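Number of protein chains: 2
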Amino acid sequence: MSDGLTVPFALTAGLSGALHTNQLIIVSGLAEIAAGCISMGLGGFLAGESEVDHYNTALKQEYSEIETVPELELKEVEEALTAIGVEPDLSKAVALQISGNKDNWANFMMQMELKLEKPVENRARMSALTIAASYLVGGFIPLFPYFITNTNQSGLYLSCTVTIFALMVFGFLKSKFTGQNLITGTLKVASIGIIAAAAAFLLAKAVS
Amino acid sequence: MSDGLTVPFALTAGLSGALHTNQLIIVSGLAEIAAGCISMGLGGFLAGESEVDHYNTALKQEYSEIETVPELELKEVEEALTAIGVEPDLSKAVALQISGNKDNWANFMMQMELKLEKPVENRARMSALTIAASYLVGGFIPLFPYFITNTNQSGLYLSCTVTIFALMVFGFLKSKFTGQNLITGTLKVASIGIIAAAAAFLLAKAVS
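For the record, the sequence lines run as chains Z and H. Using the working numbering, the first residue of the first sequence is number 2, and each one after it goes up by one. Using the working numbering, the first residue of the second sequence is number 2, and each one after it goes up by one.
Hints are supplied without guarantee of correctness; some may be wrong.
Identical copies go unnamed one by one, so any copy, or any two together, can satisfy a pair.
Within a straight-line C-alpha distance of at most 35 Å, the following computed DSBU-like cross-link-like pairs (lysine-lysine) qualify [unchecked claim]:
(1) 61 / 175
(2) 175 / 93
(3) 177 / 76
(4) 119 / 61
(5) 175 / 76
(6) 206 / 119
(7) 103 / 177
None of these hints come from the bench; they were simulated from the model. Keep in mind the model is a prediction, meaning the values are calculated, not measured.
Let's have the full structure, built from the sequences with the hints guiding it.
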């Protein structure tokens with residue numbers, strides 16, 4: 002969402018410093034939103050898929066090690082326990098008990114040795130849809146002012162106003178959700194958008 | 002890196018279908034790279050910072066619970082152990098031993114109850130620099146052809162050639178690194194770029 006607000010905002014703001022009709026700014030903005038939406042959405046899908054693959058490969062590996070080198074795996078459970086302050090004798094007893102059930106044993110190794118958490122079901126698809134939809138919604142906020150204004154300058158002013166407002170709302174909600182300081186959280190998200198837009202604007206003006 | 006290759010590639014390809022001089026394609030491409038680089042780089046910085054914040058807040062909370070409601074926390078250690086197949090008596094003995102050291106106790110809760118891993122030092126700064134640098138390098142690959150060609154069409158052809166090649170190299174290396182199937186991994190990364198560019202091209206052509 003944050004990239005969806007920021008990148009099309011910065012791009013269209015940048016172009017408004019170099020182009021003199023809203024038409025081309027709109028074409029660029031739409032092309033950017035389509036590109037970002039697909040690239041990040043499908044990229045998120047691949048990342049989610051890799052995560053599931055990685056987890057499954059590691060789990061299979063643990064099960065196979067439990068079959069082929071059980072003494073070694075038992076030793077690893079003991080070591081994971083002594084590492085967190087359990088005395089050797091007790092660690093041995095716990096390891097023996099966990100090893101009574103192969104699923105528990107493999108799960109323990111995944112959590113304590115590899116620190117891997119089971120990815121949630123449909124992770125890849127949910128990631129892809131969330132990212133693509135957020136980018137799409139985010140991207141239209143900075144872009145729509147160029148549709149309803151006649152000059153690049155009035156488009157830029159309106160786009161700055163609505164986008165900075167939207168970035169602040171988003172930053173505020175995000176800070177609230179993640180438990181961060183509301184004021185600094187809000188300002189940080191808005192600043193990124195403003196810095197990115199200013200850089201794109203100055204760069205586009207300089208080279209055109 | 003993948004977004005840095007794909008988004009500026011798709012945007013410039015899209016614009017090459019709507020604009021007739023390389024000059025404006027280059028201005029848009031540069032503005033997009035600047036915007037994406039800053040938005041994603043600083044966004045990565047904030048994400049890294051949130052992660053560290055989140056970890057520290059949770060750790061502080063665990064230490065405070067250990068002080069204020071130790072019986073409850075002891076019970077939680079026991080439950081985490083019985084959940085992975087350790088019998089109640091043994092779980093109690095282990096919990097008592099772990100609780101002898103507050104650091105071990107808090108660490109155990111962080112790993113087993115909250116499943117939080119300590120973020121590496123300088124995570125936020127490293128994230129920001131890696132993302133920004135990758136986006137910058139990635140972005141110039143699809144853009145430079147428009148600098149060295151005279152027409153939007155020859156720019157587009159050269160950009161497609163070098164970018165699809167770069168996407169395949171990147172997809173191959175990424176698959177190798179993450180242990181995925183090399184052929185499907187390579188094709189997936191390249192496909193995202195091609196789909197995003199085709200969508201941006203068709204959209205830009207349709208609206209201009």
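Here is what the structure says about each hint:
no., hint, in the structure
1, 61 / 175, "between (37 Å within a copy, 21 Å between copies)"
2, 175 / 93, "neither (45 Å within a copy, 40 Å between copies)"
3, 177 / 76, "between (44 Å within a copy, 31 Å between copies)"
4, 119 / 61, "both (13 Å within a copy, 26 Å between copies)"
5, 175 / 76, "between (44 Å within a copy, 33 Å between copies)"
6, 206 / 119, "neither (49 Å within a copy, 44 Å between copies)"
7, 103 / 177, "between (42 Å within a copy, 30 Å between copies)"
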